[in-house]
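Listed in order, the protein sequences are those of chains A and B.
Numbered per my numbering, the first sequence finishes at 142, counting up by one with no gaps.
Numbered per my numbering, the second sequence finishes at 142, counting up by one with no gaps.
None of these hints come from the bench; they were simulated from the model.
Be aware that a few hints might be false.
[As the list claims (entries may be wrong)] Straight-line C-alpha distance at most 25 Å; calculated SDA-like pairs for lysine to any residue:
hint	chain 1	residue 1	chain 2	residue 2
1	A	Lys25	B	His82
2	B	Lys9	A	Lys25
3	A	Lys9	A	Phe83
4	A	Lys25	B	Trp119
5	A	Lys9	B	Lys113
6	A	Lys9	B	Thr62
7	A	Lys25	A	Gly90
8	B	Lys113	B	Ile32
[What the hints assert, rightly or not] The calculated label-pair distances, taken between Cβ atoms and stated as ranges, are:
hint	chain 1	residue 1	chain 2	residue 2	range
9	B	Glu86	A	Ala28	14 to 22 Å
10	A	Glu106	B	Ser112	55 to 63 Å
11	A	Ser12	B	Glu21	38 to 46 Å
All C-beta atoms in this analysis are idealised placements derived from N, C-alpha and C, irrespective of residue type, glycine included.
Number of protein chains: 2
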Amino acid sequence: MKLDSAGLEILTREECLKLLASTPIGRIVFTDRALPAVQPVNFCLHEGLIVIRTTATSRLAMAARNTIVAFEGDHFDIETRTGWSVTAVGHARGVTDPEELERLSKLPLIPWAPGVREHYIVISPEQVSGRRLVR
Amino acid sequence: MKLDSAGLEILTREECLKLLASTPIGRIVFTDRALPAVQPVNFCLHEGLIVIRTTATSRLAMAARNTIVAFEGDHFDIETRTGWSVTAVGHARGVTDPEELERLSKLPLIPWAPGVREHYIVISPEQVSGRRLVR
């Protein structure tokens, strides 16, 4: 077990992606009008990409268009004060290719929020890092 | 109940701060070497400020020094697909005033992560927004 300077266990990329796949909710971190912004989203991992479904006119769709974002997932247990967090940093893009859209529309990715959400954002997790807090 | 264009309930500032106070874990969103960064932290609300305890040499302490950050807290129920999220945007500063440090050291804020953490970061929640997802 490899620890960082803060005493947290450093997770491998493989462990990070496995943990990220275990949670349906993550948080996309982006810049909105020069200010830091963060928004929880439900997502799925597909062929190594983080896939999010939203509306084409959402603040998220506008901001996460061909830019670098961070994506975070975590799980903490309040009783035991243990948990993990994983952050992926990479390029986000809105999907416009009809064939790719067709493939993504078959994913088991049902938006939690109401309304029609036929815009897909994909993030390639270029830098992946994670930590686990154990007792 | 006021809904946004995505069909989510818009929370008042008062509701947001009450919900934020109900969770011990939040995520601080900042910029680290020109890239978006996010880190879960345990925190407490004190006199209207978000208070975080860390080490003086941490990446977070370095990055969240007199800058604007976002701070997010949320809670989601995977079964019912409901939940809430709150984001506060505001100035973050490292605390250096001895009297303020003395006051903050008396807070019931025990770091979850191991090690000596005697550096305090405070965020003033200048812009507070929140959404609730109901069925």
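State, for the Cβ atoms of glutamate 106 (chain A) and serine 112 (chain B), whether the hinted interval 55 to 63 Å holds or is violated.
59 Å, holds
Taking only the CA atoms, is the gap from lysine 9 (chain A) to lysine 113 (chain B) under or equal to 25 Å?
With Cα atoms ~33 Å apart, lysine 9 (chain A) and lysine 113 (chain B) exceed 25 Å; violated.
Is the straight-line distance between the alpha-carbon of lysine 9 (chain A) and that of phenylalanine 83 (chain A) 25 Å or less?
20 Å, holds
For the range 14 to 22 Å, tell me whether the beta carbons of glutamate 86 (chain B) and alanine 28 (chain A) fit it or not.
19 Å, holds
Is 38 to 46 Å a correct range for the gap between the Cβ atoms of serine 12 (chain A) and glutamate 21 (chain B)?
Hint holds: Cβ distance 39 Å, inside 38 to 46 Å.
Restraint status (C-alpha distance of lysine 25 (chain A) to glycine 90 (chain A) at most 25 Å)
14 Å, holds
With the threshold set at 25 Å, check whether the alpha-carbon distance from lysine 9 (chain B) to lysine 25 (chain A) stays at or below it.
38 Å, violated
Does lysine 9 (chain A) pair with threonine 62 (chain B) here, judged by a C-alpha cut-off of 25 Å?
Holds, because 20 Å separates the two Cα atoms, which is no more than 25 Å.
Agreement of lysine 25 (chain A) and tryptophan 119 (chain B) with the hint, judged by alpha carbon distance not exceeding 25 Å
At roughly 23 Å apart (the allowed maximum being 25 Å), tryptophan 119 (chain B) and lysine 25 (chain A) satisfy the hint.
Restraint check for lysine 113 (chain B) with isoleucine 32 (chain B), where alpha carbons must lie at most 25 Å apart:
At roughly 19 Å apart (the allowed maximum being 25 Å), isoleucine 32 (chain B) and lysine 113 (chain B) satisfy the hint.
With the threshold set at 25 Å, check whether the alpha-carbon distance from lysine 25 (chain A) to histidine 82 (chain B) stays at or below it.
22 Å, holds
Consistency with the previously given hints fails for numbers 2 and 5, ordered from lowest to highest.
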